[in-house]
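As they're listed, the protein sequences go chains A and B.
Residue numbers for the first sequence follow full-length UniProt numbering, so the first one is 1 and each next one is one higher.
Residue numbers for the second sequence follow full-length UniProt numbering, so the first one is 1 and each next one is one higher.
Hints in this document: simulated from the structure, not taken from any laboratory.
Misleading hints may appear alongside valid ones.
As the list claims (entries may be wrong) - To give a feel for the contact side, a few chain B residues facing chain A, derived at Cβ under 8 Å:
no., residue
1, G124
2, G125
3, A154
4, R155
5, D159
6, R163
7, D182
8, G184
9, G193
10, V194
11, T196
12, Q197
13, G202
14, P216
15, V218
16, F222
Yeah, the Cβ is synthetic: ideal placement off N, Cα and C, and Gly gets one too.
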Amino acid sequence: MNELMEMLKDRPFFEGLSEAHMKLLAACAALRSFEPDVCLFREHEPAEAFYLVRSGTVALESRLPGRGARTFATLGEGDMLGWSWLIPPYRWHYDARAITPVHTVHFDAAVLRDRMDHDPELGYALLKRFTGLIVERLQAARLQSLDIYGDADVGLGG
Amino acid sequence: MSVSAAEPAHEPMAPEPWRIRQVRREVADGEVFTWTMEPLSGEAAVARPGQFNMLYLFGVGEVAISISALADDGTPVHTIRAVGSVTRAMQDLGPGDVVGLRGPFGSAWPVAAAEGRDLVLAAGGIGLAPLRPVVHAVLARREAFGRVLVCYGARSPRDLIFRDELEQWRANPDLDLRVTVDRGTADWKGDVGVVTQLIDRGGFDGRNAIAMVCGPEVMMRFSALSLHRRGIAPERIHVSMERSMRCALGFCGHCQIGPHFVCRDGPVFPYPAMEPAFRVNEL
Ligand SMILES: Cc1cc2nc3c(=O)[nH]c(=O)nc-3n(C[C@H](O)[C@H](O)[C@H](O)COP(=O)(O)OP(=O)(O)OC[C@H]3O[C@@H](n4cnc5c(N)ncnc54)[C@H](O)[C@@H]3O)c2cc1C
Ligand code: FES
Numbered sequence: 001m002n003e004l005m006e007m008l009k010d011r012p013f014f015e016g017l018s019e020a021h022m023k024l025l026a027a028c029a030a031l032r033s034f035e036p037d038v039c040l041f042r043e044h045e046p047a048e049a050f051y052l053v054r055s056g057t058v059a060l061e062s063r064l065p066g067r068g069a070r071t072f073a074t075l076g077e078g079d080m081l082g083w084s085w086l087i088p089p090y091r092w093h094y095d096a097r098a099i100t101p102v103h104t105v106h107f108d109a110a111v112l113r114d115r116m117d118h119d120p121e122l123g124y125a126l127l128k129r130f131t132g133l134i135v136e137r138l139q140a141a142r143l144q145s146l147d148i149y150g151d152a153d154v155g156l157g158g
Numbered sequence: 001m002s003v004s005a006a007e008p009a010h011e012p013m014a015p016e017p018w019r020i021r022q023v024r025r026e027v028a029d030g031e032v033f034t035w036t037m038e039p040l041s042g043e044a045a046v047a048r049p050g051q052f053n054m055l056y057l058f059g060v061g062e063v064a065i066s067i068s069a070l071a072d073d074g075t076p077v078h079t080i081r082a083v084g085s086v087t088r089a090m091q092d093l094g095p096g097d098v099v100g101l102r103g104p105f106g107s108a109w110p111v112a113a114a115e116g117r118d119l120v121l122a123a124g125g126i127g128l129a130p131l132r133p134v135v136h137a138v139l140a141r142r143e144a145f146g147r148v149l150v151c152y153g154a155r156s157p158r159d160l161i162f163r164d165e166l167e168q169w170r171a172n173p174d175l176d177l178r179v180t181v182d183r184g185t186a187d188w189k190g191d192v193g194v195v196t197q198l199i200d201r202g203g204f205d206g207r208n209a210i211a212m213v214c215g216p217e218v219m220m221r222f223s224a225l226s227l228h229r230r231g232i233a234p235e236r237i238h239v240s241m242e243r244s245m246r247c248a249l250g251f252c253g254h255c256q257i258g259p260h261f262v263c264r265d266g267p268v269f270p271y272p273a274m275e276p277a278f279r280v281n282e283l
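All chains, full assembly: derive it from the sequences and hints.
Below, the structure is given as structure tokens:
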């Protein structure tokens, strides 16, 4: 547990959390590794976890009928993965697949969700962090969908 | 021919004839290509990273193109993306063909100011071309800099330029190269997503870092936000602006952004000087 605390405490995502909340998070955490090509989770499965990627690359994929899986984003060292556990119906909206060997900290979100309901301070602290993450990803997705390097934007933009 | 001085060597409005020595295709369809050139006569001024030349295709027109490297003899290398009438016509030229060149013009990346600091380079699309000479300058005096991060985003794997060099940079422990594409392909094993995500992963000391950003304006704006969020003060974030150019000498006003002339005061600016323009362009 101490080792996990050490791992979490330097990550910007957890910055500013109280000692007690950090201890709780560490108590809900475990190290998990994934071989290349193994799914961390799949679309529609119950979302009962979130992850801190310690190393390696994870592809987030959507499956398109007749066209197979398509990677819409990748996550790497230091990235947080997963917020579907926060919002009903608590199911994943995409697949997460290891592209390289991936080492993570896995958090038991079902337990944390329950604790957040009973401890509004913890609930607010975590929601604030996950909302920041969601906004960051939303902005990134918006930028990605603009096709900024396409023909509409020329010159140095090309 | 000899190479000297940092200012345009000749009459600044009169293009000097330069011969294309070598053409290198950067992407499969040749839409992006790199020219190594030599002056037919006289002296060529040595450009600094971030500066640009005006390249003139006789009878067609003139375009601003950044220095994408300096050849061993100090002559400028240019990397061009064919987008319109002049640059598409340039795509048809080969070794031995002659074009007009005036320059170098404009401000340079503050490479010396980055010494002793971490350096973050963020490039989008062909925006890697004007930043490449910075990487060369850093590698030539690597010990003078802290951590050096190169974040490069492109539309798809087939749009990545300078591939051989990217491989060398990737293998170089002195550089932290991160590459991402907006749209992956089945055989692409790298990152998918926008370049800001590469910045968000950190790996530099924001309080002591300097950043140089080049790409589409919207990419530069979001990159500046990410860099700032990571602790880099706005005045230590530098961007390279692009505006349509005519004289390149601060006379005609074609390239004006507010009180600034991109050709004379830029193209490299500290981010705060350009922030109002980014906001207006996003309205
Ligand atoms: C300082 C500076 C450095 C540059 N460095 C490079 C470089 O290293 N490599 C490179 O490939 N390009 C570079 N550019 C951009 C290049 O100058 C333009 O792509 C070129 O002028 C287009 O000319 P054209 O006649 O081929 O296209 P046009 O026929 O003039 O235009 C084709 C389309 O591009 C648009 N367009 C033209 N010029 C610009 C521009 N400057 N900005 C935005 N939209 C434009 C037009 O509106 C039109 O839609 C740089 C520009 C500046 C100002
Ligand atoms: S191009 Fe004429 S003032 Fe800048």
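Q.
For each hint given before, does the structure comply? Return the numbers of the non-compliant ones in rising order.
A. Violated: hint 6 alone.
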